[in-house]
Amino acid sequence: MVTTFHYLVLGAALFTIGVIGVLTRRNIMVILMSIELMMNAVNINLIAFSSRLQQVTGQVFAIFVITVAAAEAAVGLGIVIAMFKNKETMNINEIDLMKW
Amino acid sequence: MDFLNLIWLIPLFPAAGFVINGLFGKRMSKTVVGIIASGAVLISFIFAAGAVFQLIQLDPLHRTHTVKLYEWINAGPAHTSEGPLARFQVDWGFLLDPLSSVMVLVVTGIGFLIHIYSTGYMHDEDGFYRFFAYLNLFMFSMLTLILGSNYLMMFVGWEGVGLCSYLLIGYYFHKKSAGDASKKAFIVNRVGDWGFSIGIMLIFVTFGTIDFMQVGEKVREGAMSGAFHAGDTLFVVIALALFVGATGKSAQIPLYVWLPDAMEGPTPVSALIHAATMVTAGVYMVARSNFIYQMAPQAMLVVAVIGAITAFFAASIGLVQNDIKRVLAYSTVSQLGYMFLALGVGAFAAGIFHLMTHAFFKALLFLGSGSVIHAMHHEQDMRKMGALKDKIPVTFWTMFIGTLAIAGTPGLAGFFSKDEILWRAYSSRQGHWLLWLVGAAVAGMTAFYMFRLLFMTFFGESRVDHHTAHHIHESPRAMTIPLIVLAIGSVVAGYIGFPAWLGGGDAFEKFLEPVFEPLPIPLGPQAEYSHMAEAGMAAVSVGVALLGFYLAYSKYCKRSWEEQREKRQYGALYPVLLNKWHIDELYDALFVNRLKGAGKALWRFDGKVIDGVVNGAAWTTGEGSLGSGWWDRWIVDGLVRFVGGFIKTMSWPVRLIETGYTQNYALVMVFGLLIFIGYVLWGTP
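Heads up: the sequence lines are chains Z and C, in that order. Residue 60 in our numbering is what sits at position 60 of the first sequence, and the numbering runs on without skipping anything. Residue 407 in our numbering is what sits at position 407 of the second sequence, and the numbering runs on without skipping anything.
Worth flagging that the hints you see were computed from the coordinates, not collected in a lab. Incorrect hints may appear among the rest.
[What the hints assert, rightly or not] Pairs of lysine to any residue residues, derived as SDA-like cross-links and limited to a Cα-Cα distance of at most 25 Å, are as follows:
1) C/LYS648 to Z/ILE47
2) Z/LYS85 to C/ALA78
3) Z/LYS87 to C/THR659
4) Z/LYS87 to C/ALA666
5) C/LYS68 to C/ALA78
6) Z/LYS85 to C/LYS648
7) Z/LYS87 to C/LYS648
8) C/LYS648 to Z/LEU97
Since the model is a prediction, treat every value here as computed from it, not as a measurement.
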């Protein structure tokens, strides 16, 4: 039987994979995908608790997160394209404008 | 239509013509420009004629019509010399009375003819529209001068015609002589205008108003009540100040020098401005101020003497001049002298009468000379003319009539007005036989130099060079028709003043009488003369004129003109006359070169002292700024750089955190999050 616990483990695993991806990968596209992974891990958690507590709030929240994620993906991809046009690179280490 | 209340429109038509031609004339065809300019003046003439006609319908004593358009200046109270306060209040108003009627008809009528003439004469000139715009502006100014109801409006017109005179004399501005002549006219007129403006100020200070009618009334009341006496210094000063203005505008000694040079302008301009209208403004102004002059017999004497001397002096120069227009210019100065002689002896109506007849025949003569010049391809030197009689017959016959008229041939316009003046110079209270003698001599000289002009131009052997001779042609109809109309005017204009001694009614004098009404002041006894005496005087002056004609005939017609013979006749006087009594050189030495010297001295002062100070200031500033620049660069900038550098150097440990790698920041966030979670889970409760 799949319990809440299993969902939480899956969510935690996915989140961890996402964090590691964000921290280690150098390709911006992959980093964006990792962020997507982290958000979906959160969604799983929300759905799991919604099911367990028999309340719809969590599902509503999940839908909001998906919506925001879509918007974020659009904005993020826009920035990536603009960045690529300017610097001709996808390597995050070469994008260091925030340095002093 | 009620033309009397529309007199304010009369100057506005040419003003509209000026605006249209001035703004858009460049893009319009010459025909349209000519029609607009001439049409504007024609409409003015119609309105003027209508107004004058309606004025004549009125009772002779009430033939004064003022139209106040609006209050022009209201400058608040000021002290008059008498003590009481007066408001300096000036209306933009128009005055039509017999005097301005005569002037307005002469100016618009002859002005119209000259506009028509100009469309032919100026046809091949550059800046055709510019010429007509100026001409219309002149008409506007002249009509403002004439119709203005106060001295200040007259002054506006006065300056306006001066400006137009300047612009039109300098019409051929690419010629240095034309530019110089226009400047000379303008500057000499400034001297006169100074006198005129002083006169206006004195009038206001004395009477508290500058309105013609009001000043006239105050003078009359003062004379009646005994407050003013004839010969009061104040009146003499005002009259002389105004007369200084008149000598400038009307080219009298000592300010006549600009008029002969003004012949540099196109010939229609000479006819309109420098013969028929503008130069008579001084005569008009003195006649308009007759109430002041009547109170100042000493000033009247000055006017008469200056007039007589000018008439003689200018005529003497005219005897030997060779430029056809210059002869006419000196003739104009001389005839203006006649007018002032008439004004000076108190015969205001006679002066205005001569002004009117002179406008006809002198405009005719100038336009005729223009026609000659046109035919001769811009040759003005009479030494290169001769025998033109049959080649340009219309010009010849009209000029012949003009010459007869100015010479005083009985029956023509000049005879009536000139003899009226000569008679008054002798017979009136302020008159003197000496004045008459000079006038009569001038009549002979006038006949002489005018017939000399006629004979040198139209008779004798042809001295025209072959190239020009082939192209001599009569002028177009636009030019000959005005000549014919003016010739008719030169014949008949005198008859409106048909004198009593010939059985006439002196209609012209009677018409003007209300304007020149004598003031109630005690005068010397008036000698009584019979008509016979007047007729005898006329006979004498006609005889003198005949003598002049005969001399001219024997010297220039029977035998053709020869320079050597002419020189021999005058002997030592010839170079003096030819060089205009060296007056220009005298003025150069006395005033012009002094002013130039002063100007040069000031220029040197400017170059050395003022520029020296400025350059010194610049040098000091430059050197000083070097010092302050050094201070700024090393001390101020040094301090700033030191602070910046210090912070930069000391901040290296902090800088290490800021790598700029996004993932470093994310890692720090993750660590922070982990620490936070750890604290929540295992931290102290």
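To see whether the hints hold, each was checked on the structure:
1. Taking the CA atoms of C/LYS648 and Z/ILE47, the gap is near 52 Å; set against the 25 Å cutoff, the hint is violated.
2. Our distance criterion of 25 Å between C-alpha atoms is broken by Z/LYS85 and C/ALA78, whose separation comes to about 83 Å.
3. With a CA separation close to 19 Å, the supplied pair Z/LYS87 and C/THR659 stays within the 25 Å bound.
4. In summary, the hint linking Z/LYS87 to C/ALA666 is supported, as the alpha carbons are separated by about 22 Å, within the 25 Å threshold.
5. Distance restraint check for C/LYS68 and C/ALA78: the Cα-Cα separation of roughly 23 Å lies within the 25 Å cut-off, and the hinted pair is therefore satisfied.
6. Distance check on the hinted pair: Z/LYS85 and C/LYS648 sit about 34 Å apart at the alpha-carbon level, beyond 25 Å; violated.
7. For the hint pairing Z/LYS87 with C/LYS648, the CA-to-CA distance comes to about 29 Å; that exceeds 25 Å, so the pair is violated.
8. About 19 Å separates the Cα atoms of C/LYS648 and Z/LEU97, which keeps this hinted pair within 25 Å; it holds.
Against the hints set out earlier in the document, violations occur for numbers 1, 2, 6, 7.
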